[in-house]
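Based on these hints, arrange chain A on the given structure of chain R.
The residues making up each chain are set out below.
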Amino acid sequence: MIKQRKLMQGNEACVFGALYAGLNFFAGYPITPSTEIAETLARKLPAIGGNFIQMEDEIASIAACIGASLAGAKAMTATSGPGFSLMQENIGYAIMTEIPCVVVNVQRLGPSTGGPTAPAQGDVMQARWGTHGDHEMVVLTPAGVEEVFTLTVKAFNIAETLRTPVILLMDEVIAHLREGASPPEAGELLVVARKEPKESPAEYLPFKPQDDLVPVPASFGTGYRYHVTGLYHDEAGFPTGNPEKIDRLVRRLKHKIILHQEKFLFYEEYLTNDADIILISYGASARSAKAAVNDARAVGISVGLLRLITLWPFPSTAVSRICANASVVITAEMNLGQIYAEVCRVLDSAQRTLSVTHVDGTLIAPQKILAAIKEAAK
Amino acid sequence: MKRSTGIGKYMRLDRFPTIWCAGCGNGQVVGALLRAIDTLELPQDKVVLVSGIGCSARASGYLDFNTFHTTHGRPVAFATGVKLANPDLHVLVLSGDGDTTAIGGNHFIHAARRNIGIKLFIFNNGIYGMTGGQCSPLTAHACNATTAPNGNMDTPFDICELGKAAGATYVARGATYSPVRLEAMMTDALRHDGFAVIDCVTQCPTYFGRMNKMSSAAEMLQWQKERTITLERTASLPAHAVKDKIITGVFRSERKPEYTALYHNFRQQFGKDKDHV
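Residue numbers (this note's numbering), protein chains in the order written: chain R, 1 to 378; chain A, 1 to 277.
This is chain R alone, in the form it adopts within the complex:
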């Protein structure tokens, strides 16, 4: 059977992916270049009995999503840099209280108001470290419209499985790009449902980790009355000052993600097997990088592309393995080298590296990356 291809925008694909994953609650605030997600869901959600609400700001948007999720909903919000900055405190709250949700950040050029419609990838480190305190973060970044769909579904699944917020880090180009896509049929992709506790309320400990290090906090209103707090808490959910319990909690919140990371460290290789030069890129930049690889191959340069799909946790093992025999590793991104620094941290310090940076508010062009490849090949 030939699958039907549809012309779809990146932001629309995010909506369809979220609905496929079971989204039934969206709270958001208008901001370019993410607004189409809210606009489309304002039409779609009422039709399936879900909730759409435009909140008074981005702080309220993420708060409402976390509240809805605790009441059993699958919740998502979408924003861009300035709004993502406002959400950081409550993203940390969702990490600490282990309430799943998906946060879409369609990156635009910063800092500050920057360029609302200008492509950039400057929020890579913010997505990792934007909220205070030690924590682990799951951040996925798509490079095409169909991938926006599938990655949104995966973002929900990871959020549910690990009981943690997941960031879908898009960029303006991918969000506004329209291209043909073949969305998966119903049942084709795995959709993870919210886990429910098996114990009786009397013996129930909402934050007691299971073997997978993930607890099973019940949805409010289902007969399990318990306390949820952003303070350090024990397995019953109540604030504690016990150093041992505090240490155990902070470490577990990180380790539960590290323990499962192999299942969601996504990347794609293109012509890397025999490549002398490895190019690392992601998101819209990776499309230009791929074009540059083809152009370079056409003039006889042995180059391949490693496209990162999961940015955080950083796929360190894959990066060092794939780059092990490369004479030069080039990182191309629309920022001043945020992933480049991470690549350097992972690679052998003797290995030659190059950073292609781009922050002028336009899409990085293949020619710019090609020039770097030619330079490296000299």
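One or more hints might be untrue.
[As the list claims (entries may be wrong)] When the alpha-carbon atoms are kept at most 27 Å apart in a straight line, the in silico DSSO-like pairs for lysine-lysine are as follows:
id : chain 1 : residue 1 : chain 2 : residue 2
1  : R       : K290      : R       : K254
2  : R       : K198      : R       : K263
3  : A       : K46       : R       : K208
4  : R       : K378      : R       : K368
5  : R       : K290      : R       : K368
6  : R       : K195      : R       : K290
7  : A       : K164      : A       : K256
8  : R       : K195      : A       : K46
9  : R       : K208      : A       : K9
10 : R       : K198      : A       : K46
11 : A       : K9        : R       : K198
12 : R       : K254      : R       : K208
[To be verified] Covered stretches of chain R, going by a simulated chain A footprint (3 or more residues, C-beta under 8 Å):
id : stretch
13 : 47–54
14 : 80–94
15 : 224–238
Simulated from the structure, these hints should not be mistaken for lab results.
Backbone N, C-alpha and C fix where the C-beta goes; we use that ideal spot for every residue, glycine too.
Positioned in the frame of chain R, the structure of chain A alone reads:
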């Protein structure tokens, strides 16, 4: 309806003693609320208490309901998500004057505007107690605070006027000096369909009292008694006698479609999306 009996069943007694100081009014506000909940026999499994950050926000941890201690200033926004996702839940917000009228002012007025069925109880002691006595948007003019050592220059908000202007459909003010009246208002608020806000005037002898020459709870309640006047009494008094008084009573109680009910109707009416995937 049965008369209040033991409210101990609503308490997580193993979490006691509370962090609250001797003479703090928070226990009086919570007591009135629990008696109101008991009067209406709200099922514990269906009550959600949402709180923010501050002394009063710690109330949620001591009470045996679905309790949600959130971030500073945001409990109304979190509560909006809970209520919308499950309108069958009784969603109550316990918040302080700093939490709701300073950092969380925006969420308060917008929830009032939507008339979403959240009940907001503001423990108003006119000071930031947990951080040690800084002035809040409800600290009276000329009163002392650690951040207003020469007296507060600012003019305080009037929570009830703010709530009314923003569209809240139940608006009242009570005081710990008069807990029976406070409880009656809380019962009213819990019965109310839309957004309800009660300004619960309470005392902080430790910080507000000490910095304003009232070191005991009794002195503070006396001060409260002298400064408050009931709405009913104001009718027969000349304007100058009411000036600078804190008026207690029910300022608004009106019926208007509640937000989640409106949304339900909206879904029935406009919920057909032809190009739904």
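Structure-based check of each hint:
A threshold of 27 Å between alpha carbons decides the hint, and for R/K290 with R/K254 the separation of about 34 Å lies outside it, so the pair is violated. A hinted pair counts as satisfied when its Cα atoms are at most 27 Å apart, and R/K198 with R/K263 qualifies at roughly 25 Å. In summary, the hint linking A/K46 to R/K208 is supported, as the alpha carbons are separated by about 23 Å, within the 27 Å threshold. A threshold of 27 Å between alpha carbons decides the hint, and for R/K378 with R/K368 the separation of about 16 Å falls inside it, so the pair holds.
Simply put, R/K290 and R/K368 have alpha-carbon atoms about 12 Å apart, close enough for the 27 Å limit, and the pair holds. A threshold of 27 Å between alpha carbons decides the hint, and for R/K195 with R/K290 the separation of about 40 Å lies outside it, so the pair is violated. Note on A/K164 and A/K256: the hinted pairing holds, with a Cα-Cα distance of about 13 Å set against a maximum of 27 Å. Distance hint between R/K195 and A/K46 is fulfilled; the C-alpha atoms sit about 20 Å from each other, no more than 27 Å.
Of the pairs offered as hints, the one joining R/K208 and A/K9 holds, with about 25 Å between alpha carbons and a cut-off of 27 Å not exceeded. Straight-line distance between C-alpha atoms of R/K198 and A/K46 comes to about 20 Å, which keeps the hinted pair within the 27 Å bound. Simply put, A/K9 and R/K198 have alpha-carbon atoms about 25 Å apart, close enough for the 27 Å limit, and the pair holds. Taking the CA atoms of R/K254 and R/K208, the gap is about 15 Å. The hint holds against a cut of 27 Å.
Evaluation of the coverage hint for the stretch 47–54 of chain R: fulfilled, as 5 residues show C-beta separations to chain A shorter than 8 Å, against a requirement of three. Coverage of the stretch 80–94 of chain R by chain A holds in this model, with 3 residues showing a Cβ closer than 8 Å to a Cβ of that chain against a need of three. Beta-carbon proximity to chain A at under 8 Å applies to 8 residues in the stretch 224–238 of chain R; the threshold of 3 is reached and the given coverage holds.
Hint compliance for this structure: hints 1 and 6 are not met, and every other hint is.
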